[in-house]
Each structure stands twice: as structure tokens, then as C-alpha cells.
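Go by the hints and put chain V onto chain H.
So the chains spell out like this:
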Amino acid sequence: VKTLVAGISLTVLFVALPLFTARNDLLNLCVQIFLAVVLAQSWNLLGGYAGQINLGHAAFFGLGALVTRTLWVGGTPLIVGLIAGALVATLYGIIIGIPAFRLRGAYFAIGTLGLAEILRITVGNLMPEISTISARELASYNMLPRYYLTLTMAVLCVAVVALLIPSRVGLGIRAVREDEAAAEATGVDALRHKLLALTISTALAGLAGGAFAYYHVSYYPQHTFSPAWTFDAVLMSFIGGVGTVHGPVLGALFYVIIRELLAVKLVEFHLIIFGVLFILVVLFLPGGLVEAWNRARRLISRNS
Amino acid sequence: MILTQQLILGLLVGGLYGLAAAGLSLTFGVLRVLNVAHGELLMLGGYGTFWLFTLWRIDPFLSLVGIGPAMFVLGLVLYWALFQFVVKAHEEVRIKNSLLIGFGLTLALHALAIRLWTADERSVTTAYAGEVLRLGGFAIPLLRLSSLVFAFAILTALHLFLARARWGRAIRATAEDWEAAALMGIPVGKTYLIAFALGTALAGIAGGLVSISYSISPSIGIEWTLKALVVIVLAGMGSLFGSFAGGIILGLAEAMSVVFLGGPYREVVGLILFLIVLLVRPQGLFGARA
Numbered sequence: 001v002k003t004l005v006a007g008i009s010l011t012v013l014f015v016a017l018p019l020f021t022a023r024n025d026l027l028n029l030c031v032q033i034f035l036a037v038v039l040a041q042s043w044n045l046l047g048g049y050a051g052q053i054n055l056g057h058a059a060f061f062g063l064g065a066l067v068t069r070t071l072w073v074g075g076t077p078l079i080v081g082l083i084a085g086a087l088v089a090t091l092y093g094i095i096i097g098i099p100a101f102r103l104r105g106a107y108f109a110i111g112t113l114g115l116a117e118i119l120r121i122t123v124g125n126l127m128p129e130i131s132t133i134s135a136r137e138l139a140s141y142n143m144l145p146r147y148y149l150t151l152t153m154a155v156l157c158v159a160v161v162a163l164l165i166p167s168r169v170g171l172g173i174r175a176v177r178e179d180e181a182a183a184e185a186t187g188v189d190a191l192r193h194k195l196l197a198l199t200i201s202t203a204l205a206g207l208a209g210g211a212f213a214y215y216h217v218s219y220y221p222q223h224t225f226s227p228a229w230t231f232d233a234v235l236m237s238f239i240g241g242v243g244t245v246h247g248p249v250l251g252a253l254f255y256v257i258i259r260e261l262l263a264v265k266l267v268e269f270h271l272i273i274f275g276v277l278f279i280l281v282v283l284f285l286p287g288g289l290v291e292a293w294n295r296a297r298r299l300i301s302r303n304s
Numbered sequence: 001m002i003l004t005q006q007l008i009l010g011l012l013v014g015g016l017y018g019l020a021a022a023g024l025s026l027t028f029g030v031l032r033v034l035n036v037a038h039g040e041l042l043m044l045g046g047y048g049t050f051w052l053f054t055l056w057r058i059d060p061f062l063s064l065v066g067i068g069p070a071m072f073v074l075g076l077v078l079y080w081a082l083f084q085f086v087v088k089a090h091e092e093v094r095i096k097n098s099l100l101i102g103f104g105l106t107l108a109l110h111a112l113a114i115r116l117w118t119a120d121e122r123s124v125t126t127a128y129a130g131e132v133l134r135l136g137g138f139a140i141p142l143l144r145l146s147s148l149v150f151a152f153a154i155l156t157a158l159h160l161f162l163a164r165a166r167w168g169r170a171i172r173a174t175a176e177d178w179e180a181a182a183l184m185g186i187p188v189g190k191t192y193l194i195a196f197a198l199g200t201a202l203a204g205i206a207g208g209l210v211s212i213s214y215s216i217s218p219s220i221g222i223e224w225t226l227k228a229l230v231v232i233v234l235a236g237m238g239s240l241f242g243s244f245a246g247g248i249i250l251g252l253a254e255a256m257s258v259v260f261l262g263g264p265y266r267e268v269v270g271l272i273l274f275l276i277v278l279l280v281r282p283q284g285l286f287g288a289r290a
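Chains as they are written, first to last, in the numbering used here: chain H, 1 to 304; chain V, 1 to 290.
In isolation and in its complexed conformation, chain H is listed as follows (with noise of 0.2 Å):
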């Protein structure tokens, strides 16, 4: 209950946030943080709760931001364009679902890390030109539309994987990370249930890659199917505390502020800080931000 309250003021907070300040560099950082919780909470569902490390989400963020693109940049609605985005990479994900699931542990992470790269090769090679918007989109840009949309995005995104992980399905998808075997023994057919938090997860992702290309003025397409997407969302996912739903709020919130301040005056920098604190989590504190902080007030509450 504690974190819904958060999580409804945090909203309210973000909703609020442009009736006080115009200042776009604020609200540049905010859809950043935006698109950042949706990449991390959708990688969080099929990596943190059905336990598939998949390396090549940013195939889906790439083909979202593929298919709205063009779409939206050729006249057609954004909110099409975005269901477009979002079904072309969900069906890309069902179909490289099936056979992948096949391939277990190192071998599926592998695998979806291949698949991606010759989808950003291919994709370089194809389209080598930079993308930008008409000059008379540029006219009318406005940040306010691009603020509110990646903010319904990351609630929305929250929200449904909030609501998934308790009910029946969601702890099915849990089971089969725990014990595959022991999840189909007691009935939970294990390759349904990974393919629908793949299909979620999809889904997401290409909705986030669909506000990045209505959200950026020009960008090379290649640029959205970069490995770097993927590693984010699992730095972001891990660091915050994979397999709860705050957890991926919480580490894109560190994440993007932290690699801001540093961007300022070291470039790349914070991969570097970022790269070693993930170690650490993963050695030590396997819940991430989100254990240390219980771990702190468990111990300042027995202490007082």
C-alpha cells in the first residue's frame, strides 16, 4: 500500500511538474526518465520475473521506433503509428519466441543478443541516412505532447505489470522462472507463459521506441537498435532490483539523473561507474537499491 501511495504521488507529481516550469532542459530529463522506466520495467518482466536474460530488447525498441517512424513521418495518426510499432515488434518477438525458448539459459541470452545485431546491421545497412522530421513538424514541435505521452507510457507501463505479477498468470510466470519443471508439474504450461511475458514485454518496448522516434527531431534508424538500449535496461533493471515493480522505477530514476550529472562533464563516464556497481549488485546485493534500502531500515529499526 506504502508504495501506491508513492507511486500515485510520484504520478501526480510528474502530472503537475509542467504548471510550474517551462524549463526544457527539466523536461527533456523527465521524458528521458520516462522512456527509461518503460525500457527497464519491460526488460524487468520477462528478465527479472519470468528469469529469461534477454539480450537484444533493443531489437524491440528499434522496431517500434522503425515502424512509427515512418508512418508518422508519412501522414498517418501518431497513436496508429504507435499501435503499429508496438504490434510489429510483438510479433517479431512471437516469432523469434518459439525457437529461442527452445534454447536454454546462456544460450537464449546469446541468442536474442545475435538476432538483434544483425537486425541493427541490416537495418545500417538499408537505411544509412539520418532521419528528420519535416520542416513543418519542426515549426510546431512542442515538448508538452512528447512530456504527457512518454509519461502515460511509463504509469501505463507500471501499472500493467503491477497488476500481472500478483494475479493467477503472474505467479505462473514466476513459477517458471523458480523451477521449470516443478511449474509443469503442478499444470503451469511453461512456454505459454514465457511467451506472453515476452508478448507484454514486446509490446512495451515498441511503444517506448515508437515515443522516442515521435519524440526525437532526427536520429539515425539504426541508432534505436543499438546494443546500448538493451544493456541500459538491464543495468537500470538489476541496479534498482530486478523481480519487484518498484525496483526498474527506482533505477531508471538513479540511472538517468546520475548519467545526466556526469554527461555533463564526462562522457561515457558513467558506463564505467555504472559497469562496477552492476557487478556488485549481482555479486552482493542481489535486490538491488531496493534490498539495500530494506536492509537500512530493518537496521535503523532494530537499533532504535
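These are computed hints drawn from the structure, not numbers from a lab. Owing to the predicted nature of the structure, the values given are computational and were not obtained by experimental measurement. Just so it is clear, CB atoms sit at the ideal spot from N, CA and C, and this is done for glycine as well. One thing to keep in mind: the hints can contain errors.
Chain V is nowhere near these chain H residues, computed Cβ spacing over 12 Å in every case [said to hold, decoys possible]:
1) 15
2) 22
3) 32
4) 130
5) 135
6) 143
7) 159
8) 165
9) 168
10) 174
11) 192
12) 195
13) 238
14) 298
Covered stretches of chain H (chain V as the covering partner; in silico rule of three or more C-beta atoms under 8 Å from a C-beta of chain V) [claimed, not checked]:
15) 113 to 120
16) 224 to 235
17) 279 to 290
One-sided excerpt, in silico: chain V residues whose CB lies under 10 Å from chain H [to be verified]:
18) 82
19) 108
20) 112
21) 222
22) 267
23) 274
24) 278
This is chain V only, laid out in the frame that chain H set:
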């Protein structure tokens, strides 16, 4: 004509793929940890060779004699600081956690390399860099040929070590069945340490050879990790010469793709080959068992 020339070049680069894969295969086969930072270790070895040559004019092939042991020590440190905590877990968790740690290491080393040495591409250019061996109508770059021979020699030496030496046999026994090995009085922990350090040294030497006959930059890490993984999947694990052969197959396949599909799809062909083998024969083309 062009095809044959490309195949020769493919064969030459394939030997390096094989060497890179042999190190990864050694740690994966013995410790059951998948170190995805293998390509970054290779990159470090490449920079070591590059700086020794650039700053002190040390002949790159000579400097490999120093790079190997230096990377061996780095491997000891990495195992001691990170991977020893992973090998205590049982198999599934072990592979997953090692993958994650390797992933964190990849990001940190990549960013560190950019910070220290910028993102520029570099390569060692010795006085004899441009020498070419003419054979019939074909040109064989002498440096790349020497790299191939060097890679083969290193693998042969390692093969002899694993077959004959006391620690080599301990490594093979541990790879076969670590519980039985432990019961026979083999110190499994120390064997893991040595195998991991050897794998790191192999990555470093491969990196040195890459900086001599091709070029290095901080971002080659992920490329070489993928190449090594492709080769391991092609060749299966547990055989050094299998890795070498797998590397050459990959090199030849890439060469053919350059001729028939054009240069940009070179990297894609290896990955597609990799996915097909992964789905059809997860134990690899030459692997005996899963």
C-alpha cells in the same frame, strides 16, 4: 579469382577467430562460466601490444611474450575478485551470474578504454607491415600469415600442456567431472583459477595478433565476443583444434559472403550461421555431447 583471394584472407582471419574462441571455450568448458567480457580482454591485449610498440618500439611479436603472462596475471586478479564468487553456485545460476558479471565488466572496460585511449581505431605498423607473399596470382599478407602460424603454435603448446603437464591434466579432469576430480584430490578451486587465467592470456595474445594484422578500437570487444561465441557454437566445446577449425570455417564463410553478398553483410552471415546451428544442433557441429 576474387573468390580464391577472399578465401585466402578468410582463412587467415579465421585462425584468429579460432584463437579467440579457444580461450573462451577453455573457461566455459572448465569453469562452466560464460565470460562475455572475453572480447574486452582481447581488446586490452591489443592495446598492450600497441603501446609497447608505439612508446618503446618493441617488436609486436616479441611483446606477445610479455603480454601473455601479464594477461595471465590479470586473469588471476579477475578470478580472485569476481568469478570465484560465481563458481560456488550450481550450474544454471553459475552461467547466468557469470554472464551478468561479464556483461558489467564489458561495459566498464569498454568505457574505460574510450576514456583512456579515445575511440580511434589504431594498429601496429611495423617496418615490415606491408610485405606480401606472392603465390601464383594471389597475394598473401605476410603479417597475417605469421599471425595464423603464431596462433596455431600457441594452440599446439596449450594442447601439449593440457595433455601432458600435471596442471593441464588437472584442468581436463575438472572439466570432465569436477566432483570426481575433487574426490581424487585435485584442488578444484586452484584449477579453476589457472584455467581462467589461461583463458585470459589466450584472449590477450589473440588481441595482440589482431592489433598487428588488423586494427583495434575500444568497441571491438563485443564483435570479438560474438565471433568467439559463434565459433564455439560451430565447433562445440572441449577441443582446442575444434575451435581452430571452427574459426577457419567462420572466416571462410565470411569471405564467401563478401564475394556473393557484399562487404556490409559479412558480420550478419556469421550470426545467422550461429543461430541456425544453435537451433538445429545446440551441441555444435563437432561436439560429441550436449
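Hint check:
no.: 1; hint: 15; result: holds (34 Å)
no.: 2; hint: 22; result: holds (34 Å)
no.: 3; hint: 32; result: holds (19 Å)
no.: 4; hint: 130; result: holds (18 Å)
no.: 5; hint: 135; result: holds (31 Å)
no.: 6; hint: 143; result: holds (30 Å)
no.: 7; hint: 159; result: holds (28 Å)
no.: 8; hint: 165; result: holds (21 Å)
no.: 9; hint: 168; result: holds (26 Å)
no.: 10; hint: 174; result: holds (16 Å)
no.: 11; hint: 192; result: holds (20 Å)
no.: 12; hint: 195; result: holds (17 Å)
no.: 13; hint: 238; result: violated (7 Å)
no.: 14; hint: 298; result: holds (24 Å)
no.: 15; hint: 113 to 120; result: holds (count 5)
no.: 16; hint: 224 to 235; result: holds (count 4)
no.: 17; hint: 279 to 290; result: holds (count 3)
no.: 18; hint: 82; result: holds (7 Å)
no.: 19; hint: 108; result: holds (3 Å)
no.: 20; hint: 112; result: holds (5 Å)
no.: 21; hint: 222; result: holds (7 Å)
no.: 22; hint: 267; result: holds (5 Å)
no.: 23; hint: 274; result: holds (6 Å)
no.: 24; hint: 278; result: holds (6 Å)
The structure does not agree with numbered hint 13 stated previously, though it agrees with all others.
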